[in-house]
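Chemist: With the sequences and hints as input, model every part of the structure.
There are 2 protein chains.
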Amino acid sequence: MVEILVMKAINAENEKHARAVQTKLRSARILMVNMLSGPGAGKTRLLEQTLSQGSSAVRCAAIEGDLFTDEDARRLERFGIPVIQLNTEGSCHLTACMIEAAMEKIPLDGLDFLFVENVGNLVCPASFFLGEHVRVTLLSVTEGNDKIRKYPKAFQTADCLVLSKIDLLPFVQFSLAQAEEDYRRIRAGGLVLALSAQSGEGIRQWLEQLLLWRKEVSA
Amino acid sequence: MVEILVMKAINAENEKHARAVQTKLRSARILMVNMLSGPGAGKTRLLEQTLSQGSSAVRCAAIEGDLFTDEDARRLERFGIPVIQLNTEGSCHLTACMIEAAMEKIPLDGLDFLFVENVGNLVCPASFFLGEHVRVTLLSVTEGNDKIRKYPKAFQTADCLVLSKIDLLPFVQFSLAQAEEDYRRIRAGGLVLALSAQSGEGIRQWLEQLLLWRKEVSA
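Line by line, the protein sequences are chains A and B. All residue numbers for the first sequence refer to this note's numbering, where the first residue is 1128 and numbers rise by one. All residue numbers for the second sequence refer to this note's numbering, where the first residue is 1128 and numbers rise by one.
Be careful, since some hints might not be right.
Note: identical chains are not told apart, hence a pair may lie in one copy or across any two.
Claimed, not checked - Computed cross-link-like contacts, SDA-like style, restricted to lysine to any residue with a CA-CA straight-line distance of at most 25 Å: (1) Lys1280 with Glu1198; (2) Lys1151 with Glu1227; (3) Lys1143 with Leu1235; (4) Lys1280 with Ala1304; (5) Lys1280 with Asp1197.
Don't read these hints as lab results, they were simulated from the structure.
Modeler: Here you go:
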């Protein structure tokens, strides 16, 4: 009982900060993408490809969530964009309050995209809205077909399912069609992209989709 | 502040149930193994190999933790052992209270091993002692070398690090030596096993280690 009350209090507090994040994004006309997945599904690697292959006319920033280390921020800083590393020091998800604070340290003027890479965890981050326009959940083909059924909230709340590491499909048992079916069952009309940040397959479609989302926000 | 107080209360409650689990294990001379990992590192697959290749003189039972579905329990039931599926329905880890309740439904007499497969999550399960003798944390080589540094508690509290899916090593960037070094830095004297439940490589060493642990408990 106590636990439930506390969660409600946390969620109410989170909603308040999520609304503040939305206000900031709206006035600066920035698209925010919240990226979820289990550990090692390739969120950072996909962002590296996005930054290296995306149009140079598009301006990006990133907020990297991890329990510890600044390894991901260092990987993205090489592309000359503003990156903020958030260390939760043991906590299992990012909150809108953390995003609001991080945005204070990013020059928002003229920015097109703000990518938020959540803590690698298919459970807890799903319950916390950060104020994002688009939620993308990655599932690597090495993780197995049961994951969408086992962790439904992470996928049900995702506007887009990215099936990653498809270069490894010949070596694992994974059905893209089954994954798509399981996702569509809990999220009608959700978008599915299959890609490999290693081989580059599917990256063009991902970049095009990002620009489509950006257009919707500017309109 | 409130959150910290609640966590302390939860932990004290958990410790109480963990001691009750330990008492039950001791009187029945059962070795309990708590298996942790991120989603899809191959915990269930390793248990399938353990049950199919292990000595038929050894008696096992399993408790399967998942947010939803009974898929893992069904996979292990094929081996004719008692299996209890625990569904946390959204919660991110197993607690000792859940294990104590599940043990009520397992015939403990004559049992050698009780395997507990925790919720696939490298964060939260690390903080909850379930009364186990041995904690094993799996890291799949597809997840990348940064994970031990990013999720230290899951590995620091592990008596044994299992590097899984080594059949995929030729296709990914992963150093077994680096993983071993990162693990040993936070867990001096910890045991490292590298294996593939797919190819069978390393499974013999895993089975031998299980029997060694079992011996220590009986002594």
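Chemist: Given a CA cutoff of 25 Å, do Lys1280 and Asp1197 count as a within-copy pair, a between-copy pair, both, or neither?
Modeler: Result: close only across copies, 17 Å inter versus 28 Å intra.
Chemist: Are the CA atoms of Lys1151 and Glu1227 at most 25 Å apart within a copy, between copies, both, or neither?
Modeler: Within one copy, since 9 Å is at most 25 Å while 49 Å is not.
Chemist: Within, between, both or neither: how does the pair Lys1143, Leu1235 come out at a Cα-Cα threshold of 25 Å?
Modeler: within (20 Å within a copy, 50 Å between copies)
Chemist: Indicate which option fits the pair Lys1280, Ala1304 if close means a Cα-Cα distance not exceeding 25 Å: within, between, both or neither.
Modeler: For Lys1280 and Ala1304, only the intra-copy Cα distance (20 Å) is at most 25 Å; the inter-copy one is 36 Å.
Chemist: Between the shortest in-copy and the shortest cross-copy C-alpha distance, which are at most 25 Å for Lys1280 and Glu1198: within, between, both, or neither?
Modeler: The answer is between: 18 Å across copies meets 25 Å, while 28 Å in one copy does not.
In summary, this structure violates none of the numbered hints.
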